[in-house]
Amino acid sequence: MIYFSIVVPTFNRPDEVVELLKSVEQQTYRDFEIIFVDGSPTDILHPVIQAFESKVSIQYFHEKKLKASPSRNYGVQKANGKYIVFVDSDCILPQQFLQQIYDFIQSHGGEIDAYGGPDEAHESFTTTQKAINYAMTSRLTTGGIRGKKKHIGQFQLRGFNMGMKKTVFDDLNGFSEMEVGEDIDLSMRLWGKGYTANLIDKAFVYHKRRVSLSKFRKQLFMHGKGRIDLYKRHSSALKLVHLIPSFFVLALVIGFVLALLNNTFLYLFTFGVSFHLLLLFLDAAILNRSIKVGIAGAVAAYVMLIAYGCGVMYNFTKRIIFGYDKESEKSIELKN
6 MIYFSIVVPT FNRPDEVVEL LKSVEQQTYR DFEIIFVDGS PTDILHPVIQ
56 AFESKVSIQY FHEKKLKASP SRNYGVQKAN GKYIVFVDSD CILPQQFLQQ
106 IYDFIQSHGG EIDAYGGPDE AHESFTTTQK AINYAMTSRL TTGGIRGKKK
156 HIGQFQLRGF NMGMKKTVFD DLNGFSEMEV GEDIDLSMRL WGKGYTANLI
206 DKAFVYHKRR VSLSKFRKQL FMHGKGRIDL YKRHSSALKL VHLIPSFFVL
256 ALVIGFVLAL LNNTFLYLFT FGVSFHLLLL FLDAAILNRS IKVGIAGAVA
306 AYVMLIAYGC GVMYNFTKRI IFGYDKESEK SIELKN
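As numbered in my numbering, the sequence shown has no gaps in its residue numbers, which increase by one up to the final residue, 341.
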């Protein structure tokens, strides 16, 4: 039996797949296979896969219009590994990635149920990509609770970098049909069955995420909506920390209205926002050693907080107040 099966859902991303495969080819731990399940309208990945077949053990399946969660489930069905490793196609793996996971499993008696790992920005990333990574991981935004040892509650798996024993995945019947928040839904069902998820902080990936702030905004708005979808399935999925972006949006709106009505509030509002942006700028600039990333990071943080907060409020109104049943769906734009 192969030890690791890396399962990657993809959709119209040949350039990213090339980068991912180059990093997979460089892995120091070699007992693995990689499985691509492509939902693209055309067989666009086939030439890319063929170029690497002599270097890496690859399985490739093209299923038109297959969404991310069904793609992952399909890939696991074809997997030969004891452990399933899930990464997104827009990730680059450090050379020691699989070795870190293997060493962690061996240090825990040779068996774990599931694990998750953090993400970092690669030096080759654009300023915007580094800024988005900062916003999603900063201690000055809600991103500070993601992928950390002192994570709130049990460790929550994230689809871009997670894995589990194949028998555990099968026992959970895989990913649900959710299009947004499906990884968190899987985490909660995992905990509900008495399994545990470990954080392997050394098993990080370089995660590109979105290449523009416009797509990032739309993605975070969708994630905010997804939090309410999760709450409808799992009452414990909505905590105070998830409402912070919504409170932030409300504070901005109220502060702006008051600033229009009173000069004192205008000064306080301007000072408060300016001071917050300055903190974000300094933090992002110091962490990335770049003034450009500092400026872009502060902007990206506000985009993230506002978009996520609006998404939560929108879907809370739609699903909780007005009782709309249908869960959120990803647009074609966010699949690409």
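Careful: at least some of the hints might be erroneous.
[Stated by the list, open to error] Computed cross-link-like contacts, BS3-like style, restricted to lysine-lysine with a CA-CA straight-line distance of at most 25 angstroms:
hint : residue 1 : residue 2
1    : K72       : K331
2    : K220      : K297
3    : K207      : K87
4    : K323      : K27
5    : K335      : K323
6    : K223      : K83
7    : K237      : K198
8    : K83       : K60
9    : K87       : K27
10   : K331      : K237
11   : K170      : K83
12   : K198      : K87
13   : K27       : K83
14   : K223      : K331
[Unchecked claim] Taking CB as the label site, the calculated pair distances span:
hint : residue 1 : residue 2 : range
15   : Q82       : Q55       : 21 to 31 angstroms
16   : L284      : Q104      : 30 to 40 angstroms
17   : T131      : Q100      : 21 to 31 angstroms
18   : K297      : Q111      : 34 to 44 angstroms
19   : L255      : E68       : 39 to 49 angstroms
20   : F280      : R35       : 44 to 54 angstroms
Hint data in this document are derived by calculation from the structure and do not stem from the laboratory. C-beta: ideal position from N, C-alpha, C; glycine also.
Do the hints match the structure? See the list:
no.: 1; hint: K72 / K331; in the structure: 17 angstroms, holds
no.: 2; hint: K220 / K297; in the structure: 20 angstroms, holds
no.: 3; hint: K207 / K87; in the structure: 21 angstroms, holds
no.: 4; hint: K323 / K27; in the structure: 44 angstroms, violated
no.: 5; hint: K335 / K323; in the structure: 17 angstroms, holds
no.: 6; hint: K223 / K83; in the structure: 33 angstroms, violated
no.: 7; hint: K237 / K198; in the structure: 19 angstroms, holds
no.: 8; hint: K83 / K60; in the structure: 20 angstroms, holds
no.: 9; hint: K87 / K27; in the structure: 23 angstroms, holds
no.: 10; hint: K331 / K237; in the structure: 11 angstroms, holds
no.: 11; hint: K170 / K83; in the structure: 14 angstroms, holds
no.: 12; hint: K198 / K87; in the structure: 20 angstroms, holds
no.: 13; hint: K27 / K83; in the structure: 22 angstroms, holds
no.: 14; hint: K223 / K331; in the structure: 19 angstroms, holds
no.: 15; hint: Q82 / Q55: 21 to 31 angstroms; in the structure: 23 angstroms, holds
no.: 16; hint: L284 / Q104: 30 to 40 angstroms; in the structure: 37 angstroms, holds
no.: 17; hint: T131 / Q100: 21 to 31 angstroms; in the structure: 23 angstroms, holds
no.: 18; hint: K297 / Q111: 34 to 44 angstroms; in the structure: 42 angstroms, holds
no.: 19; hint: L255 / E68: 39 to 49 angstroms; in the structure: 43 angstroms, holds
no.: 20; hint: F280 / R35: 44 to 54 angstroms; in the structure: 51 angstroms, holds
Of the numbered hints listed earlier, those contradicted by the structure are 4 and 6.
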